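Model the full assembly from the supplied sequences, consistent with the hints where possible.
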Amino acid sequence: MNVIPDSGATNYDIEPVLLNLGPQHPSTHGVFRIRALLDGEEVVDVEPVFGYLHRGSSKLAEERSYTQVITLTDRLDYLSGMSNNLAYVRAVEALAHVDVPERAQYLRVMMAELMRIASHLMALGFLINDLGAWITPLMHMFREREKVLDLFEMVCGARITFSYMRIGGVSHDLPPGFDAALNAFLDDFAERVAEYEALLLENEILVSRMKGIAPLSGERAIECSVTGPNLRASGVNFDLRKQAPYEAYDRMNFDVPVTQNGDNWDRMWVRLQEMKESARMTRQCMAEMPDGPTRTPADFFIRPPVGEVYSAIEATKGELGFYLVSDGTIAPYRCGIRSPSFINLTVLRELCVGWKLADLIVNFGTLDINVGEVDR
Amino acid sequence: MIADLTRGILESFLPIGVVDILMPLLGIFIVVNVLLGSAIMLTYAERRLVARMQNRIGPNRVGPFGLLQGAADLLKLVTKEDLTPRAADRPVFLLAPVLFFAPAIALFAVVPFFRGWAVADLDAGIVYVIAVTSVSSLAAFAAGWASNNKYSLYGAVRGVAQLVSYEVPLILAVTSVILLSGSLNLQKIVEAQGIPFILVQPIGFLIMLVAVTAELNRTPFDINEAESEIVAGFHTEYTGTKFALIYGAEYVAALGWSAVIVTLFLGGWKPDIGGLIWFGLKTSAVVFLFFWFRGTWPRVRIDQMLALAWKLLFPLATINILVTAAEVLAAQALFSLEPGEALPVIALAVIAVVNIGLTVAVLALLSRVPGLARFDTQLAASAPARG
Amino acid sequence: MALFGTGAIKGLMVTLGYIRRKPFTTQYPEEKLEQSPRFRGNTFVWYEERCTGCATCAKGCPLGIIRIVTHPEPHSQVGSDYHVDVFDIDTGRCMFCALCVEVCPYDALHMGGDFEQASYGREEMVISVEDLKAMPKKPRTQFRPQMEMIGHTGDDELDEHEAGRWSL
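These protein sequence lines are chains A, B and C, in that order.
With this note's numbering applied, the first sequence corresponds to residues 1 to 376, in that order.
With this note's numbering applied, the second sequence corresponds to residues 1 to 387, in that order.
With this note's numbering applied, the third sequence corresponds to residues 1 to 168, in that order.
Hints may be right or wrong, so weigh each one.
Label pairs and their computed distance ranges (CB to CB) [as the list claims (entries may be wrong)]:
id, chain 1, residue 1, chain 2, residue 2, range
1, C, I9, A, Q260, 23 to 33 Å
2, A, D187, C, A118, 30 to 40 Å
3, B, A131, C, T26, 42 to 52 Å
4, C, T6, B, G116, 36 to 46 Å
5, C, I9, A, G212, 40 to 50 Å
6, B, G116, A, K211, 29 to 39 Å
7, A, K211, C, P145, 49 to 59 Å
8, A, K211, C, K22, 31 to 41 Å
Just so you know, the hints here were simulated from the structure itself, not pulled from any lab data.
Bear in mind the structure is a predicted one, so any value in this text is a computation, not a measurement.
Heads up, the beta-carbon is just placed ideally off N, CA and C, and yes, glycines get one too.
Given below as structure tokens:
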């Protein structure tokens, strides 16, 4: 931690200030802690400290049957439970060689994309909140998220901890009236996105706070294994939905927004565009969804053959992978989680050093981490 | 009128000397109490208004429509345990809230509420306003330093940098008004406004608005209490009554500065009918503006903010003064006026047209400056992706 | 020609427009949002007549918070040979995943829709067999497609014949 660059403290006789941001702090997105070494307003060094939300998900998974572990994945990144469900059940399906009916694939894509909208709304809302716009954009985005959660509640009865996906499909088919509710939401959502853009994208203050701040080069992003919107903002067109399509993504028409600069503005802008693409995909899913079963029968206490598997999806925050080892019993022998939030934090230090304290908060906000997923 | 009536009633049973002392005290009593009441109501009004901007309802539980929310909050704060951190510099720590509150209230001494009525009709009223309000930077620093907390210290240092920087464009903007009205007396400034000076001095008004927003630590210049960065800035360690004083002082100061803006730029108590109503309405409108900013805009960064003050507002205000001075000199020569004499409406109208044109030109010019330019969303959407 | 500040003013107009609009929020204790039929509340609906005491729900629970004690009592219940003495569900630890409801082979256990179960102690959150018997029989349609087919919304009481996939 005492890495003070030579050009810093040696020139003048001033001791940098060690400022603790967190674990209880208005902008740490949960219980994240940043030990920031500051020279005045300028950030000299940054050390992320985490573990305040460690639940031991990997270990807990070893004690539970494969189906029961789904409930644990809800709680990894609690803002995108559907994506976590999907990543996990896909790993188990690969391990146990279970096929998924086509309707279930569409349902999964639809839920994952709705989840992406909800998660990105939170990312943007809290980001603008970190920028100091009190909570107006946050409240507006919370409202849209509420509507998404209402849809989820219609489908699976829960608003945060869905446990919706099942090994071999999904737990519920769509309820009656879902079609109309979804269309009502999507029609409204297009208007709301236009409103966000009017509220945010042209605001001179916002532009000056975010344009060109903390750029991350594509090469460095790849070196640090950054994934998700953060990687695409740096000009690397990598999206598992396109590169390694899973479920029904190969039948979806969507664009992957990519920007070149990798600065805070781009990271925000990519998320805003991804929400639009997700809305488009959701609409397509609803229109093209075939009839049929939503679940291949699989045992509740499924016993996959001995083996191991790594399976990853493009979750809301990046590549979410599950590494499962089966010893032939009802519980996984090992359940490793590659969480995008945790690995995206690799670049936190180099994004923040040299910028101002106010930028530190924003850089951290644009990385869009979720402490539930960082600590697992 | 009311003052005369009260004086008459008092003189009927008290000696004149006592009445002379009592009258200003009575005025102060009324003003201070009205201010405290309105500060409480302002907190409620802000929360309700910003809540509506956020598609929420806002406080609506205490009393009808939640009108007593401010009173309930005040009671809660006052009855709270009065904590002082052990490491704090106790005398300074206790003094700082008072230092905040006193100038905010003292500001109202010279504000002309209606024709011929101010608590103290000073000839150098505007100088008094600037002198009194500059104390708040001292108070911010005292509070931040005495708290012995890193967040507080950051807030204090930021606060001082901000307040000191923005005094300069503020005073320069005020100077342009003084040039036009030819007087430092706030009453005379109001009387000189044949046309509200917002039209005659649009640049002056904009600079004043920005500088006052900074002076009041309100969004987008609330960097010294930026809650997402330094928790609560200089008042992180304050609780209970002391916090209530700081919090209340912010609203009283917002009201006071709004009143000053109204006096300088919006014609004060003009049109001279209906007593306090016009002044109150205009002041509320300016206060609403501050609430509105807070409900919409993000915060600027400290270096951007200082750059704005020194690199943009300061030169702009200086040029504005020169332009205004030239205009006033021309008008005086044209209408053969004595220096200090108020300009006739026709002269103000001509100056207004010229200055509005200049303002549009300046804003258009600023939008071409790369660092200040608006982001073009269309351009970004068509940016090619790298494989 | 765009003037400096028009972007910020555009944002101001958005928020100003919202002052006229109706708030999105609701006043919770007075007005409650309607839950979807599948909503997983903090209660359970149990049909004693349908339950065989097989304890599959207890096995399906990821947290192991369901405790069932039975004793054989032949021919006292329809379709069952066991009498349920203890059926404790510790809702203080429950995460309402409805896996117990999913695995129940006799459609005896269902999710309830009530969510106002706050209490001052953890021990008060344990639902005992008496509580389960006393609870209103308003099951939600979570994992019960047959209820959705008869148009059940979770607001009406269903008897043990209507709640199951097969009639008794």
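Comparing the hints with the structure gives:
Judged by the Cβ atoms, the range 23 to 33 Å given for I9 (chain C) and Q260 (chain A) holds: they are separated by roughly 29 Å. At about 37 Å, the beta-carbon gap between D187 (chain A) and A118 (chain C) stays in the expected band of 30 to 40 Å. Checked against the given bound of 42 to 52 Å, the beta carbons of A131 (chain B) and T26 (chain C), roughly 50 Å apart, stay inside it. The beta-carbon spacing between T6 (chain C) and G116 (chain B), approximately 41 Å, falls within the hinted interval of 36 to 46 Å.
The beta-carbon spacing between I9 (chain C) and G212 (chain A), approximately 23 Å, falls outside the hinted interval of 40 to 50 Å. One distance hint, 29 to 39 Å for the beta-carbon pair G116 (chain B) and K211 (chain A), is violated here, with the actual separation near 52 Å. For K211 (chain A) paired with P145 (chain C), a C-beta distance near 52 Å keeps the hint of 49 to 59 Å intact. The hint said 31 to 41 Å for the Cβ distance between K211 (chain A) and K22 (chain C), and at roughly 36 Å that hint holds.
Violation of the numbered hints given earlier is confined to hints 5 and 6; the remaining hints are satisfied by the structure.
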